[in-house]
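A.B. asks: So the chains spell out like this:
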Amino acid sequence: MHRSWNLLLWIGFAVTVAAVFSYVPVFVPYPITRDIPWANLLLFLLGGWMLALGLRRAFGQPEWYRGKISGAVMGVLALALFGLFCWGLFVFARHIPAADSAPKIGQQAPDFTLTDAKGEPVSLADLRKSGNAVLLIFYRGYW
Amino acid sequence: MRSFQSNLGEFRKRGVRIAAISVDSNFESSKLCLEQGYTFDFLSDPQGEVIRSYGVLHPAGGEKSRDIARPAEFLVDSRGVIRWVNLTDNIRVRARPQAVLQQFDRLIGGPAVTVLRGAPGSQL
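Heads up: the sequence lines are chains A and B, in that order.
Its first residue numbered 1, the first sequence is counted upward by one per residue in this note's numbering.
Its first residue numbered 144, the second sequence is counted upward by one per residue in this note's numbering.
Just chain A, with the same shape it has in the complex (with noise of 0.2 Å):
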């Protein structure tokens, strides 16, 4: 007897792969992608899902389709992957200090000279040059 592919559960682990490592290249440059993954939260639901019924049909008619050994570890390595990405995403990008000795409002900006990506000398009062108001963006960089 020919045993069938179970593709849902390769399907569904690719899905699952592709939520993690479409994060970063593809919706952190959109705020609204950004800010709640809600569209790679999706693309979860969608690989777990497959994978459920992937693995109930190993499980259930082991007569017809295959995946009882593979599709255990890919659901183990998925539901690993989903809590890589919320402990990455919930938990280590609050991992920040709460910068309390940051200048209040109300309080005078501490003046600086920087250089700008030429090369040349910036300062805030520089900045501030004909009644210019600033906008300072503190951003951790791509070392």
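It is possible that some hints are incorrect.
[To be verified] No farther apart than 20 Å at their CA atoms in a straight line, the calculated lysine to aspartate or glutamate pairs in the EDC-like style are these:
1. B/207 x B/153
2. B/207 x B/192
3. A/104 x B/192
4. B/156 x A/126
5. B/174 x A/120
6. A/129 x A/116
7. A/104 x B/232
8. A/129 x A/100
9. B/174 x A/116
10. B/156 x B/248
11. A/129 x B/153
12. A/118 x B/171
Don't read these hints as lab results, they were simulated from the structure.
Here the structure of chain A is known, so what remains is to put chain B in place on it, guided by the hints.
C.D. replies: Just chain B now, kept in the frame of chain A:
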């Protein structure tokens, strides 16, 4: 950053300069600006001195335990007074340009005020 670049006109209209600050070198910043087409200032603070003076240093937060900046935004008016601060508690979630523009309009003055700049009673 991308979203600030695409809203740069709105900031210019209001007389708001944007300066991004990190520990990246001038070379890394110029590469970033070239690749991404950013035209506002990217300032380099490799020792993190200014970052520290703004209280937003993230000690050992970078690769190889390098000190870097935590994400933060400060809106400074033309007199150098801090008018609005955004200190996120999640590195993924940053201020969006629309929110900053709204705060500017509410706290400092909308686009029309740039015309009246320097007029008696001006809040700028």
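A.B. asks: Each hint: holds or not?
C.D. replies: Each hint, compared with the structure:
1. B/207 x B/153: Given pair residue 207 of chain B, residue 153 of chain B is violated - Cα atoms ~38 Å apart, limit 20 Å.
2. B/207 x B/192: holds (19 Å)
3. A/104 x B/192: Cα-Cα ~18 Å, so holds.
4. B/156 x A/126: holds (18 Å)
5. B/174 x A/120: This hinted pair holds, its Cα atoms lying about 15 Å apart.
6. A/129 x A/116: holds (16 Å)
7. A/104 x B/232: Satisfied, since the Cα-Cα distance of roughly 17 Å is no more than 20 Å.
8. A/129 x A/100: This hinted pair is violated, its Cα atoms lying about 29 Å apart.
9. B/174 x A/116: Distance ~12 Å between residue 174 of chain B and residue 116 of chain A Cα, so the pair holds.
10. B/156 x B/248: holds (11 Å)
11. A/129 x B/153: Measuring from Cα to Cα gives roughly 19 Å; hence the hint holds.
12. A/118 x B/171: holds (10 Å)
When each numbered hint is compared with the structure, violations occur for hints 1 and 8.
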